[in-house]
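Position chains R, W, G, X, C, V and U relative to chain E; hints supplied.
Protein chains: 8
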Amino acid sequence: MKINKDKKLLFIGDSITDCDRAKPEGEGMFGAYGNGYVSFVNAFLTSTYPELGIRVVNKGISGNKVRDLKARWQEDVVDQKPDWLVVMIGINDVWRQYDIPFMKDHHVYIEEYEKTLRELIESTKPTVEGLVLMTPYYLEPNKEDPMRKTMDAYGAVVKKIAEETNSIFIDTQAAFDKLMENIYPAALAWDRVHPNDSGHILLARTFLTNIGFDWTK
Amino acid sequence: MKINKDKKLLFIGDSITDCDRAKPEGEGMFGAYGNGYVSFVNAFLTSTYPELGIRVVNKGISGNKVRDLKARWQEDVVDQKPDWLVVMIGINDVWRQYDIPFMKDHHVYIEEYEKTLRELIESTKPTVEGLVLMTPYYLEPNKEDPMRKTMDAYGAVVKKIAEETNSIFIDTQAAFDKLMENIYPAALAWDRVHPNDSGHILLARTFLTNIGFDWTK
Amino acid sequence: MKINKDKKLLFIGDSITDCDRAKPEGEGMFGAYGNGYVSFVNAFLTSTYPELGIRVVNKGISGNKVRDLKARWQEDVVDQKPDWLVVMIGINDVWRQYDIPFMKDHHVYIEEYEKTLRELIESTKPTVEGLVLMTPYYLEPNKEDPMRKTMDAYGAVVKKIAEETNSIFIDTQAAFDKLMENIYPAALAWDRVHPNDSGHILLARTFLTNIGFDWTK
Amino acid sequence: MKINKDKKLLFIGDSITDCDRAKPEGEGMFGAYGNGYVSFVNAFLTSTYPELGIRVVNKGISGNKVRDLKARWQEDVVDQKPDWLVVMIGINDVWRQYDIPFMKDHHVYIEEYEKTLRELIESTKPTVEGLVLMTPYYLEPNKEDPMRKTMDAYGAVVKKIAEETNSIFIDTQAAFDKLMENIYPAALAWDRVHPNDSGHILLARTFLTNIGFDWTK
Amino acid sequence: MKINKDKKLLFIGDSITDCDRAKPEGEGMFGAYGNGYVSFVNAFLTSTYPELGIRVVNKGISGNKVRDLKARWQEDVVDQKPDWLVVMIGINDVWRQYDIPFMKDHHVYIEEYEKTLRELIESTKPTVEGLVLMTPYYLEPNKEDPMRKTMDAYGAVVKKIAEETNSIFIDTQAAFDKLMENIYPAALAWDRVHPNDSGHILLARTFLTNIGFDWTK
Amino acid sequence: MKINKDKKLLFIGDSITDCDRAKPEGEGMFGAYGNGYVSFVNAFLTSTYPELGIRVVNKGISGNKVRDLKARWQEDVVDQKPDWLVVMIGINDVWRQYDIPFMKDHHVYIEEYEKTLRELIESTKPTVEGLVLMTPYYLEPNKEDPMRKTMDAYGAVVKKIAEETNSIFIDTQAAFDKLMENIYPAALAWDRVHPNDSGHILLARTFLTNIGFDWTK
Amino acid sequence: MKINKDKKLLFIGDSITDCDRAKPEGEGMFGAYGNGYVSFVNAFLTSTYPELGIRVVNKGISGNKVRDLKARWQEDVVDQKPDWLVVMIGINDVWRQYDIPFMKDHHVYIEEYEKTLRELIESTKPTVEGLVLMTPYYLEPNKEDPMRKTMDAYGAVVKKIAEETNSIFIDTQAAFDKLMENIYPAALAWDRVHPNDSGHILLARTFLTNIGFDWTK
Amino acid sequence: MKINKDKKLLFIGDSITDCDRAKPEGEGMFGAYGNGYVSFVNAFLTSTYPELGIRVVNKGISGNKVRDLKARWQEDVVDQKPDWLVVMIGINDVWRQYDIPFMKDHHVYIEEYEKTLRELIESTKPTVEGLVLMTPYYLEPNKEDPMRKTMDAYGAVVKKIAEETNSIFIDTQAAFDKLMENIYPAALAWDRVHPNDSGHILLARTFLTNIGFDWTK
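Residue numbers (UniProt numbering), protein chains in the order written: chain E, 1 to 217; chain R, 1 to 217; chain W, 1 to 217; chain G, 1 to 217; chain X, 1 to 217; chain C, 1 to 217; chain V, 1 to 217; chain U, 1 to 217.
Pulled out of the complex, with its shape left as it was, chain E reads as follows:
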């Protein structure tokens, strides 16, 4: 288990992270962690490693693109002084290019995405003990689909930055691809983006495995 006692673990991202978390705190009682993978990660850590006292904070905001993260990075990441930081961003950067194609000022193309994400990660890496980068994903098994193709390119950027900065890299797309070998995407999410509990449990498990969670404990 890579996270040590009394550490603060902060998640930042879009609606996949947000999941109706308490705002602005993102932690506390009464569903404050939302109803998605962040809450499940917190629940696994609390119920399995209660002695570690790991403090989880959820700073996801639905609809966010990397451009939005940049705008609130000081307040929602730096000022929070996390020990571990998890970033999953990019779905909306890509999706807007496909669902509102004529509103180009709402698109974040790959150059801006890469530049902005790298700035954020590079500036923050030295201040944290652990940094996890999760790829954006699209629940479309057809790799020739245009939006899937674009999403894969953004995922590749995440991988590159993770390697450059020596961060933990998690390929959420790969995890979903494996699952979609047996399950059609509509069984996870009608819109191929916002999954039901099956998808969020998969994300939580994938994350936990990558940080050394001991499933036999």
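Derived from the structure by calculation, the hints contain no laboratory data.
Keep in mind the model is a prediction, meaning the values are calculated, not measured.
One side of the interface only, derived from the structure: several residues of chain W facing chain E at Cβ under 8 Å:
1) Met-29
2) Gly-53
3) Ile-54
4) Arg-55
Simulated pairs of lysine-lysine, BS3-like, Cα-Cα distance not exceeding 30 Å:
5) G:Lys-8 / C:Lys-70
6) V:Lys-23 / C:Lys-23
7) W:Lys-104 / X:Lys-81
8) W:Lys-160 / W:Lys-149
9) R:Lys-149 / E:Lys-149
10) E:Lys-143 / R:Lys-104
11) C:Lys-104 / G:Lys-70
12) U:Lys-217 / X:Lys-104
13) V:Lys-115 / C:Lys-81
14) C:Lys-149 / X:Lys-149
15) X:Lys-23 / W:Lys-23
16) C:Lys-217 / C:Lys-2
17) X:Lys-7 / W:Lys-149
18) C:Lys-5 / U:Lys-217
19) G:Lys-217 / X:Lys-7
20) W:Lys-217 / R:Lys-143
21) C:Lys-104 / X:Lys-178
22) E:Lys-8 / V:Lys-178
23) G:Lys-70 / R:Lys-23
24) G:Lys-104 / R:Lys-2
Glycine included, every Cβ here is placed at the ideal spot set by N, Cα and C.
Relative to the frame of chain E, chains R, W, G, X, C, V and U by itself:
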């Protein structure tokens, strides 16, 4: 224009037809026709052929499969004594096989679909002046996608029955396919089923063209 | 088709334009264009000319008079940098003279109407590729009715300004008059102002025909 | 003052009578009389003739046509054993012919209207002390307007039945016509049917004057 | 009729005036005048003297005491430039002494009441054509009741100031006293303050009679 | 303390008893006893005599008259098998004579009141260990007030029946009269019927004292 | 993994099972499995063993005691024809003895509990492939606490019946006890019964481990 | 009775004090005192000592810790100029250490608690006639429970400060402990903190007895 003066034109189907129409009437003031293609068809007929006095009735119910149409056919079709009947059904018959794959009693497989639809159409054809069969569709341009493939098979059944019964056949999938050459499906519907106004206007135009609507009038 | 690729087409006006559009954006997903003729225009353009990528923006606000347009012209028109601009205003300028006759400071009489509208149009005409002026209307077939008479006078002002500024002129009143030869106004709108889908489809068709929309495409 | 001590005065009709009265009672505290002319009549009687103890009951139901009155006449009139009965019906019988012209089974044409109303009045007249027939009306000053013309014909039926049965006749249309010489109809009602307090006060005053109310008391 | 053509008639007061009027305007369509005596006065003036075009404005605010009127007098009276002003205040000044007797800073005793009201009236009298002072009232017929006694003293102050300033004086308490000879107060208002339509109609009639309304017109 | 261990104490009455209790149970968690004197009695018994385990049930229904109690006596009293029964009824029997004076079928005059109450009490007395009769009351200190006078007459009936049946008699009116020597009724209840916590605490204390509650325990 | 392909796994119980599941189905899309441990079990099965197609059904109802299960056993268990059945009941049987101690007819004492549960399990065991009995629990670490003691006795009954019927036995209390060595119960549930996600994840993991879920898959 | 005529008695604290009081006033009509022990104290004082005219003000705010009291002390205590002050604080200071153990910045440990409370009390004592300090409590009868132990330590601090400052000390924990000898805590509060009416009545009685309330008056 194939529909004559003072005729009643009844639409039956699923959520694409329903679109929050007034229940149970399906006609009248204050949005009674719903906010989808049926209301647009009615608006075009009223504003272009007011002298014909064509009475439109919307009997769509969200989530319906052909099995549900059969259960309410007497009340919602036969008793209504329509002069013209429009049927678009099958999306949910297929979709449930993909989004709740383990709940098999909610699936309507192609044999039941074909048998039921044929019974309904054959029994009703002699009682109406005009009968229009519209295919179900899926806003997925990849024809190798499993659900798209299944949907196409169901559409082929509709075509076959239309030919057998000498009904007007409308290939909604073909209309959407043409549009998707330029527009990614997410710009029409996040869930690839329930389109925005662009999709419903397309359905209305396609329907009207097929019944001889004069666009230059 | 007069509007070219990648152009922005902005509508400004009163409740006929507004129709519960998303505020303040007036564009995007989930019914952002409202449920009136602007959304129908957008749907026709998107479904028929998807390759043009025309971006529609709805800046209507219910209850507005030309005096209100002036107050928000900088923010809602100039700053938006539209390529094409469509203006339909005047119904409330006239209506208030008849429904709250004693509250004279809420009336915009014809001199102020003409002067204000001309200023707005003249100042903006040089900055856009296309400018469309639509008359206000009243769903009252009796041309001797006092309010109809006043509305016609305001419509004449619109026509005059359109001619002066070489703008496209659309006579919505004439379109409705033709329809009312067969349909009593109560079948379009109980209040003779806010029409149902039949009226909005008529407005959309009239607009589209005037900008060269190809109905046979 | 024609109504005597301790009598029950029952109003039946459509939305003009109803005005959100308490259902099913139509009398009592907390706005039970609705917010229209029936409540104002009750208020005038109570505040001016408290010693008479006249009991007012409101049995209006929005949207009713004479066909609907017939269906509930036993329960809402006969069983109530009123001493005085006031009937105002017909607006919806006419209106539906104009606002949903193609839905002919919702129209009550003048033959049915006259026959039904006469049956109801003739059968009830012998059981009451006083019977008041009020015309339906339309807030349209143009007597050549088709709907106004029809409404006037229905009003003439009311007058005829009132004379036949020796009932008190109140010409509400005439009262409104006089008012509309100075006020445009939109200042009373956008839809030319459901008036604001000015219209309801006029109805109440006209009714009271016709039953001998002493305005100088 | 004392009020002339095109004049503005402004009412200010407490909940008896307010009655859920539109805020802040206090005039316009859709129940803007509230559902109390002010709306009834407006309805009588509009329906009987439409040719005068008298503009009514309702500036009542529930719970107000004379102290509150003073605080908003500039904005809600002076800036409105009324031609006629009607003031009815004092019920809450008295009531609070009896329903929250221990919260003395919420009481307005008679010295402050008289001084404040006189200042307001004296300063405004020269600027208006007509000024009407209506007494506060309490629907308690027992003149020995302590709160009734206090209310009568406040009413006497109103009378004195009306005489000093040559304003029209209306004794609402006297009007209600006469009515209560036949009706127990609970039939008008459970709380002996906020009457039903019977009480508001009485207030409206009393007001109108005092300004020369012709009931036989 | 007159009530013994493990006994069921049932209250029946009108809104003073009801106070928004859980329906139909009238006992349990989460405010099931309402927010009036019954809940306070229960709270005093539970917090002072927890060892007795007295079970309180609240069967009050707002607006009830003795006529209504009779209609539900079998279900809400007899079938409940209470050990102790408390009845407070009569306020609405009287009040309706004063607030809806013309609706005489809603009045329960004193003969019916006495006869009905006596029947209920006499038939139930033999089946219970203890029976408490509480007078109705009116928060009007003036004993010459007509409604107060009537209420006192009904209270005298309660006293008479209590004596006849050897029941515990509680004079709630006397308790309130003493309080009103120092407090104006509006400080307890604007409508002189439904008191705030001060009134309900007084009722609870008066009840408890009458059943031998030891305040020094 | 003990559950085979295409099997139906049904959960029945109280609020811990229910968790706002869809009623009456207990399966499907849009949170139909509730937000508790049943949904998490389903999510783990779907995301880890999609190829097995295990169908989960949630038939929990908040507040149920074993007495309630018996009443709906035919409809909610037998008629559903499950292959695997999971039963967790007893918390409310015990809790009511402590939170509404005087309402004894709401208590289910241990004799009734044991007899009823045994009947249900014995009658159903032969019809299913697998049967899992989970103990009720109380999040109170002090084993001398009276309610905890009682709960432990009920848990022992579950264990006994599991052994008698050769069912899988899951000791939820033991799982929570281990967790509470490090976490105070208030961090799991203020009421010591309804846990947050940490508690439900613990229940889901404990269940899955007991049916042979492979955490390394 | 220690509180004299016309004095102001102010309560400050957390949710036990707050109980949904009117904000910001904390006094007045319509449940302004909340539905907890403060309202019951007010009701007892008003109904038993109406001649004293004691003014009660409730300044509790749910969730407050002593740290929060300090932040609003000037506004909510000093500026209010109370004659008597009652302080009950500390439950949340302790609870947060147990229900969100990892969020340490939300904990108020005993040193800060004692220092802050002493500052507030010492600075205010000279300005009031009477000062009452009530302990925080936890409805947990097991004195070895960790949270109960901590709460007792905080209660001891309150006692010490009361003695130092010669304030009236009320041991609420002791009062509840005595009650819990006969009643399990779940019958008072599922969460062992927010009691039902039984608990609040106990608090009110304990408070009143400590200020010399005469229960036999």
